[in-house]
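Q: Residue numbers (my numbering), protein chains in the order written: chain A, 20 to 536; chain B, 3 to 322; chain C, 81 to 424.
These aren't lab readings, by the way, just hints derived from the structure by calculation.
Every residue, glycine too, gets a C-beta built ideally from N, C-alpha and C.
One should not assume that every hint holds.
Said to hold, decoys possible - With the Cβ distance kept under 10 Å, some of the chain B side facing chain A (calculated, not the full set):
id, residue
1, 194
2, 206
3, 208
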Amino acid sequence: MAPPAEVLAVRGLSKTFPGVRALDDVDLTLHAGEVHALIGENGAGKSTLIKLLTGVYRPDAGEITFQGEKVSFATPLDAQKAGISTIYQEVNLIPLLSVARNLFLGREPRNRFGVLDVARMNREAEEILAGYGVHVDVRRPLRTLGVGAQQMVALARAVATDARIVIMDEPTSSLEPREVETLFTVIRRLRDAGIAVVYVSHRLDELYAVCSTVTVLRDGRRVHHGKLADLDRLSLVSTMLGRDLGEVREEGLTKFTGEHHAADSEPVLDAAGLTVPHKLHDVSLSIRPGEVVGLGGLLGSGRTETAKAISGALPVRSGRVTVAGTPLRGGSAPAAIRAGISLLPEDRKSEGIVPGLSVRENIALAVLPRLSRFGLVSEAKVDSVVDTFMKRLRIKASSPHQKVGELSGGNQQKVLLARWLAMNPKVLLLDEPTRGIDVGAKAEVQKLVDELAADGLGVLLISSDLEELIEGSDRVVVLKDGAVVGELTGDDVTEDKLMRTIAGDSQPVAKEVASDG
Amino acid sequence: MAEATLRTAPLDRTRVLQWLQTYGVYAGVAALLVVNIAITPHFLSAENFRTQAVQVAPVIIVALGMALVIGTEGVDLSVGAVMALAASVTALYLGYGLLPALLVVALFAAAVGLANGALVALVGVQPIVATLALMVGGRGIALVLLPQLKDLRNPSLASLGSGDIAGVPYLILIAAVLALLVAFVVRRTTFGRQLLAIGDSRPAAQLAGLPVRRVLILVYIASALLAAVAGVLATARLQASDPTSLGNLMELSAITAVVVGGTPLTGGRVNIAGTVAGAVLIQLLTATLIKHDLPPSWTQIAQAIVIVAAVYAARGRGKR
Amino acid sequence: MTVTKADVPVTTASNEPAGESEPAGSARSERLSALIQQHGALAVLVIVSLVASFSFDSFATGDNVSNMATSSAFLAIVALGMTFVIITGGIDLSVGSLFALGGVLAAWGSRHGTLVALLLPLLVCGLIGVVNGLLVAKSRLAPFIVTLAAMLGARGLLLAVTDEGADTFLIGKGSVLAELGQGTTLGLGNPVWITLALFVAGAVVLRRTRFGQHVYAVGGNEDAAALMGAPVARTKILVYTLSGLLAGLAGALNAAWLASGVTILGNGMELEAISAVVIGGTLLTGGLGYVSGSLVGVLLLKVIQNVINQIGSLDSSYQQVVSGAFLAVVVIAQTWLGRRRQLM
Chain A
20 MAPPAEVLAV RGLSKTFPGV RALDDVDLTL HAGEVHALIG ENGAGKSTLI KLLTGVYRPD
80 AGEITFQGEK VSFATPLDAQ KAGISTIYQE VNLIPLLSVA RNLFLGREPR NRFGVLDVAR
140 MNREAEEILA GYGVHVDVRR PLRTLGVGAQ QMVALARAVA TDARIVIMDE PTSSLEPREV
200 ETLFTVIRRL RDAGIAVVYV SHRLDELYAV CSTVTVLRDG RRVHHGKLAD LDRLSLVSTM
260 LGRDLGEVRE EGLTKFTGEH HAADSEPVLD AAGLTVPHKL HDVSLSIRPG EVVGLGGLLG
320 SGRTETAKAI SGALPVRSGR VTVAGTPLRG GSAPAAIRAG ISLLPEDRKS EGIVPGLSVR
380 ENIALAVLPR LSRFGLVSEA KVDSVVDTFM KRLRIKASSP HQKVGELSGG NQQKVLLARW
440 LAMNPKVLLL DEPTRGIDVG AKAEVQKLVD ELAADGLGVL LISSDLEELI EGSDRVVVLK
500 DGAVVGELTG DDVTEDKLMR TIAGDSQPVA KEVASDG
Chain B
3 MAEATLRTAP LDRTRVLQWL QTYGVYAGVA ALLVVNIAIT PHFLSAENFR TQAVQVAPVI
63 IVALGMALVI GTEGVDLSVG AVMALAASVT ALYLGYGLLP ALLVVALFAA AVGLANGALV
123 ALVGVQPIVA TLALMVGGRG IALVLLPQLK DLRNPSLASL GSGDIAGVPY LILIAAVLAL
183 LVAFVVRRTT FGRQLLAIGD SRPAAQLAGL PVRRVLILVY IASALLAAVA GVLATARLQA
243 SDPTSLGNLM ELSAITAVVV GGTPLTGGRV NIAGTVAGAV LIQLLTATLI KHDLPPSWTQ
303 IAQAIVIVAA VYAARGRGKR
Chain C
81 MTVTKADVPV TTASNEPAGE SEPAGSARSE RLSALIQQHG ALAVLVIVSL VASFSFDSFA
141 TGDNVSNMAT SSAFLAIVAL GMTFVIITGG IDLSVGSLFA LGGVLAAWGS RHGTLVALLL
201 PLLVCGLIGV VNGLLVAKSR LAPFIVTLAA MLGARGLLLA VTDEGADTFL IGKGSVLAEL
261 GQGTTLGLGN PVWITLALFV AGAVVLRRTR FGQHVYAVGG NEDAAALMGA PVARTKILVY
321 TLSGLLAGLA GALNAAWLAS GVTILGNGME LEAISAVVIG GTLLTGGLGY VSGSLVGVLL
381 LKVIQNVINQ IGSLDSSYQQ VVSGAFLAVV VIAQTWLGRR RQLM
């Protein structure tokens, strides 16, 4: 039997954005009928690579050869027409339009008068979807279908447009287990039909169930590629996170002192049974005053959702949050803030800073009512607060009146910290506090976290930087796919143990990982 | 990973557009003043000043409220209808005295503002549509209350409309006071600061615990109250209540003044001085064309072009 | 080789079809709300008409009905264009001015023949529509402000053409144009037939052509539509052009009916058109809409106006109050229903 044809060859692909090298000299090869896992943590370059393949961006260097020819797609539509289709995490179809019309948009069958043959369209849509295990009334709006079925419609559309490569970006994040099975069956049939699939996901079990090959990206580079069967789970996780097994790490690469004295007292925060459909399943954790609790897990494991659920930014279907013994009533952000919970969100650009306002206004934003009388702002009090925090956090700005949108990422983060510290919170939830900021600011923030814990604050720390997480936390709660799978305390707070808990391994396996330079 | 600072070197074209957006209105006013002083007879007379001032005062007042609403990334199309409503209610209750009548006007206006605010903040209706509904309904109510133009003979009202202090009409004084008041609110009160934050980034404002719904409702009430004041003043000047035509197209003039004055439609910034200048600009433009026997149609076409130009110049700025 | 032709369909382990992961109850309520959305206005129209025919002797007469039909024809044509624009998620506030402009141009053009009388309004108003579309689609300016400016500019143009509103051009009696506007065929005014024809064509275009699908797609999810290959910019430009053309046409026909190009018309017509479209079940946020609904909406507004006139003691301004209230109720219902669906 002839070896399967090479359908995609990417050589030396690079893409740089201002200040950051998103993709650096990446190679990728796809053959017909191959189901290829593409994995990597946040910032690894996965989405950049996909956007380059689908024509959203143009590469700065390197070339893409598709079906034997060099290609350069100007728009996503070009890529689609050529035969590269994408299924997105959020179904990117038209929710209000009927299922059949979505399936056929742009290719509707016409009758001899030149108008749409609705009857034929509906009939063919039914047949096509039946082939994917979806039996629905195709005349109903797409959004009346469950997400799984909607994914199938997107998939059917991709296939029907003669795709040779189907890229699936986190396709199962909103699916029921049953629907996931259906998806896998369809993927296997695509494989059998000679269509290549690029499967992007962080759910290890799924990858091992359906993919044959894997490419791991880290910091914009390809660090591993090969047969998935040759790589056990633990090695996969460690490659993703950038830690080689058995390597002893020097302490002190971060600025954490590593010593926290958690008061042996009642927890200042107690979250129990937080459940958000498809995102969190019965997550519970507690934080004592003076304690830094780390939240560990892969991308998509529910860390951000947990923080948002606790702070009232994400409505929960069930669950209870108690602050210093008092239960939180009304799961809204103002209620949580009043109780003393402060959240530093992951996406500081759109959910954190108010870019058009000054540093001063941003810092004073939350605490403003306390600094005013009868609605009139006391500028003197504001100045005093702003001054205190700008000094303490060493916020670098040309003046307190500079627009916060013009500051560097590190300083923006400090402004946000200042905003919450001004509220004198009891609990501080930090979601990726040092992401995207320079080394110097990183160190300052880490030191600050230490100080705050020493002052008696309860801190929740979410960080994709393993080192930072391990060295900054007294305890680590490990999340996987929205549920708590373990907790590391005392001597167990190590990167090694963390990775094992994530991978679901209980035995140490010392295998060498064949990685690329 | 190294973090690049967000400051980028502005290109010349962007700089020019930015300058135009912020200061263009003052340049325009200055230019029109110069042109008129040069070629319009009797332009610098007290008489002319009075005429221009009493005509522009209501527009300024309505534009103040519109600026606040636009600052939250919304719009209020019902202001003209509220003016008409104010005129009707004034006519009906003037018999009880000026002050009682004004109180009732305030109540009606607050009700309209509350309805707008509730629709936008509580139900989640788009501001255009919510205020559109109130615009249609509001003028309807105004006409039901007072179907025809009615002359008003009330000394207090008359002196309000035509009186002055040292030659400066009450109307323009009130407009000036209100402008200062609104500017003060925007800059120095919690409400004002929160308004700007909500308009600039609603998600960030919500996460920061701001009382978003309360602020939005208050903003629409403020806009309605200001429009009502303008309506009362215009009625006082006419010494007649005319709900059929009072406030017609006022929303357009108010929006133009705000946009031309440098307040972006995307919210987050409110430029009161610019808004006032914008109203003055339109007034001068119209007056110039009229005084030189240029047809009113030119004014309208000119105004249309000015709006588009102002919005076009502003589209690079602000978020998105 | 497509997968679909390949193997046996997959059946999943459980008995439920893989497509419906919704409980039957919410599927039913979804269908119910969709039904209300599409036919609610019709139900109200029927009820109000029935009540009116019993309450007022002069309501259900042939004359009254024919008059109502003819006078609503013009608003209906404008509402047709507005439907397309609103389905794409936009809004066109210039139609009132374009209506008046169209009327004046038709009246003026009638001196030079019927062809000019009909083509001139279409050309000018259509052109303004193109400009609207370009500013919205290419320059990405907010539709409401672009069309607001167009409304002002068009009215200015109108004044310029009529010597600041002084001139009112007349349409000659007995001309083809006048016949078009005032004549009747089979008992109903010609404008009514023209309107019906346009609506049928509009419905076909919207539901049965690729362009129509694009209109829905752009309004439903613009980003997805672009990814699915829909020509977003072109679609937007076309709908604003269509809206301009139809407004101009309506104005021309109205002038023919009145036998003159009255200059003060069209004030507030855009609001009436938007109200009719929204009441008729089209979502203001775009993506969902019915041409037939807009027709029903126009008729409903007309009937209400007629009823209020019949009552006699009530001021005709009550009609505005009722319209405003209707609009508010419908919009609230739409928004509320929309939010409920999202949370399900």
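Q: A separate judgement is required for each hint: does it hold in the structure or not?
A: Outcome of the hint check:
no., hint, result
1, 194, "holds, 8 Å"
2, 206, "holds, 5 Å"
3, 208, "holds, 6 Å"
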